[in-house]
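Chains as they are written, first to last, in numbering that gives the first Met the number 0: chain A, 0 to 515; chain B, 0 to 320; chain C, 0 to 281.
Simulated from the structure, these hints should not be mistaken for laboratory data.
Values in this document were obtained by computation on a predicted structure and should not be read as measured data.
Each hint should be verified, as a subset may be incorrect.
Said to hold, decoys possible - Computed list of lysine-lysine pairs in PhoX-like fashion (alpha-carbon distance at most 25 Å, straight line):
1. A/K131 to B/K310
2. A/K157 to A/K339
3. A/K55 to B/K90
As the list claims (entries may be wrong) - For each label pair, taking beta carbons as the anchor points, the in silico distance ranges come out as:
4. C/E74 to B/R261: 44 to 52 Å
5. C/Q267 to B/R247: 37 to 45 Å
6. A/D41 to B/L39: 48 to 56 Å
For every residue, glycine included, the Cβ atom is placed at its ideal position computed from N, Cα and C.
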Amino acid sequence: MESPLQNYSPRIGIFDEMKNDSKDGIDNWGLLTRAIESMGIDKLKRRTLECEESFKARGITFSLGGQERTFPLDPIPRIVTSTEWRSVELGLTQRVKAIEAFLDDIYGAKEILRDRVIPRRLIVGSSQYSRKAAGISGHNQVRITVAGLDLIRDETGKLVVLEDNIRTPSGISYVLENRRAMARILPELFESYEIEPVGDYPSKLLSALLDQAPAGVTDPLVVVLTPGVYNSAYFEHSFLARQMGVPLVEGRDLFCRGNEVFVRTTEGDLKVDVIYRRIDDEYIDPTQYRPDSLLGVPGLLNSARAYNVVVANSIGNGVGDDKLLYTYVPDIIDYYLHEKPILSNIDTYRLEDPDAMKYSLENLDKLVIKPVDASGGKGIVIGPSASDRELSEVAEAMTKNPRGWIAQRVVNFSTIPTIVGSGLAPRHVDLRPFIVSGPDGRWVVPGGLTRVALPEGSMVVNSSQGGGSKDTWVLRDRHNRDRIHIESQATSALALADIDILSSIPNSGQSKAQLQ
Amino acid sequence: MKNRFNIVLARTAESLFWMGRYLERSEATARLLDVHLHDLIGTTTTQQKRWTNEIQAMVAMEQIDEPFEALAMRLSIDRDHPSSIICCMEKAWENAKSARDAISLELWESINVTYSRLLRTFITDLGHSPHAYYAWIKDRSAAARGLGDTTMNRDQAWLFLHMGRAIEQIDLTTRLLRVKLLDPNEEDWVVVLRCIGGHEAYIRAVQRPVEKELAITFLLRETLFPKSVLYLNLQLESALLSLSRNIRDLNASDIIPPSLARLIARLSYPRVGEMTGSSLLERIDEITETQSDLFNLFNSTFFSPLRDLSKAIPQRSEVWI
Amino acid sequence: MTWRLEITHKTRYQYQEPVYSSYNEVRMIPRSGGNQLLLSSLVNVSPRATLYTYRDYFGTAVTAFDFHRVHDHLEITAESHVEVRNYSGPSSEVSWDFIGSEAIQDDFAEHLMVTPYTTVSADQASEIRDLVRGQSTPIDGLNRAIEWITEHLSYQSGITSVQSSAADALAVGLGVCQDFSHATTAALRASGIPARYVSGYLFPGRDPIVGESSIGESHAWVEVWLGRWIGIDTSNAVERTDQRYVAVAKGRDYSDVPPFKGIYFGGQSSTPFVTVTITRRQ
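Bound-form chain A, shown alone (with noise of 0.2 Å):
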């Protein structure tokens, strides 16, 4: 029978992650390829598909355009080493806590600001930057209970930010389910791989969330709160508040008394203490933001400046995650964490210096334009892909709101091994690992999300776009198989990286965005 990698060919300048295995010296794919040929592509289909069909059934769906949609599992898994996966664990929670810190700085004493390190403008010009949020602060200054962060892997193989993602970041639900699914897909390879198990999820999250409760409630009440059922993610919010043993909440459940939240029952009206909730900002409290918001709790935000009510993530967390700020993360680590990023940014142009916004222009076509508080992939201009007509409007836009846009380098994702037709193809893949910070410091599911963009070539991932997803095995260490618990042994885990640690005092913001 002829291997279905027999003509797995990666395109030349793309990191292929199975490809490119082996460089450690351990052969991590090969009881997998091993796995696949011996089964062969049809009976892995046929696996895949009756998992498809039980996702269906299931209700393992997202919504768009009013349909009810599975996000396509291909059944190839990525493996990630455990030597890797540790860096990238510090990494995403040195990048997490150092953004928490900025976040309650800028909406407290602004000190970065005033020590000019980031330009008050970038801040106060954001729409995310959210005025009313003001003043109020979770227990523990926990303000980011979970993120989840875009990576991917360039042309050299390293992992690389694409973007933060700390409002209300979604997709864990299929990081659950995919592994789920997988086990019944390839049973015999949980055997005899180690895999770093995902399924802690919902406690960690839930034990995050009653450690935010206000101070003095001892038996703290938590409710996820949704759009409704017709947000594209309800399954997902549904899935969490079931997997927590939470009630799920719409708005309309919820009401403010004298600045508490109570929650109507049939057995009367209960208090709430904790919300963790997947609400935009804007439609969260109709008396502070939009007033035409029918999802949202009148009265939630002076509940939850009086604390009587913890609102997770917290409000105002947008301007954190703004493409722009992106660009002056790797400051933002230096200035509150004294230490130089484990995990780099992509070059990005911050197109309100006229070099740079002269320089992409001219060379929009090789560039990729984002608008800087959008999420979900929306408004994104690839240029090698764009038309005349995409570049010219969004050149327009870029000049009128030199704010509003930023340029990056083209980033050819790597790939990795997927189903098309009868056949295994190289497919564009990233990764979202998702962070909980709960009361034993920060926890990153090993592994996370990995989105796989299905037609050829195309590096769009977005489930909105056709986008699939694959699970993620995080390789257990063979050599440590106790977990280390990561901030409390962040030093000593540094050391292993081979990072420095850096010990001087702030410099002012230089620029570390680059122009070449």
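Position chains B and C relative to chain A; hints supplied.
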């Protein structure tokens, strides 16, 4: 830690209740249309017209002049018609989705599969045979009932679902009886029994040829028949008792409406003449009133009116000097 | 000259149909700082409610309260005692270079940004900018900007609404204090001069008799930063605000300072009845 699993949101209770009602309604409508379509051949035009009017009256919609087949079609798959089977199934699905965390996975899966298949297969026509469609709808509704009954605890969630179904079935039986009693030409009580899915049950329980008086007694009072008004009201009473045990600080006497107890007594031990002629119509009014008492009870005690944000009015200082 | 003023600000809404619940916030307590000192304040509402007070992002004292019983009216009474003095320091001598420097422009970025309320047309923005920047010093520029506003806006109520932007008011050439303040703010920001919107109270007369109450006004004006914050009131053609002006809230525009804001569930309300009584006590 308090037992948080007992928390049922007011909205969830309401969703479960309506999910039960809509499932029952789609099944009942399917049965109604199936029976009439089946008997259509060999009936006179006047007869067909009467049926059209009766069904229009029963599902509370406009009285328009249309062939029976056209009406049946609309009530089967017209997504814009709020009483159509497809709409009822859609509402059942919406409510199930909204109460997803209170029902079992298997029940949810069953409803989800029904709904997506409905949208995929029956969106433009009924396929080869309307009877197959109605049979399928009845099956799916029965499957949902069975899964709910076998996979869910007898907790608040199940009780609300159960009561929704019971109330809907009482409603349907009452409406059917009212329409048929008001029709002086109605002689075929076999059809009436079949509309409820009770012909066979009648034969077994009554063991007499079908005739009006006996059929009415059967539909109202037969405790062997699970769709009789008495049986269903007894179910409601016991569900309310269980509910009172499931909810803190709630006594059965607070929630069982006096009219329900009265109705049960009246149906169990009728006096002479109470079940005939104009007294019969009074009984039916009594059933309807008890239904509305229960409905009000649910709305005021359990479903606590949710605030409608679309009715919020902003106010702020106007321009001043 | 220092005045001690007692201010009573009453707002009453009468609802035609019962209101079931409402959520409200008021900004009616004068601030301390600059030329004024708040001595005491008290907010009362009817029906009775628990009041919650906090300071917002811009340092304004906010009083929040909500109702959950059926009611047919809402009355808010804000009483305060405040000491106000006239600024008597040197006048501003800053240069264009200083105002235009990167450091100042960034430090005051919040008060240089265009908001929906403080938008003017691109043509008007460049016209104003040329006029103002054409003056030899920022202080002359400021005076020129005030002149320009006076040329382009006349006072008339009932034309614009609470939603109108500077551009809306300039298009018809008419407006009230809110429009004057938005237009002035827009003009100054377009010229690179930091400006902010102020809401507060204005004592009507020039020479109050101690102990005698007058009907005052809720008012809005503008502060400009030229080395220090300078108050100007274009709707009354006042070049420098004095002790008659009592500031309550400051922000980028009206949306940061609304004296009263809320939502309610129930019947329609009539136009609110508002009175401001100001008495000089010392």
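Quiz prompt | Which numbered hints fail | solution = none
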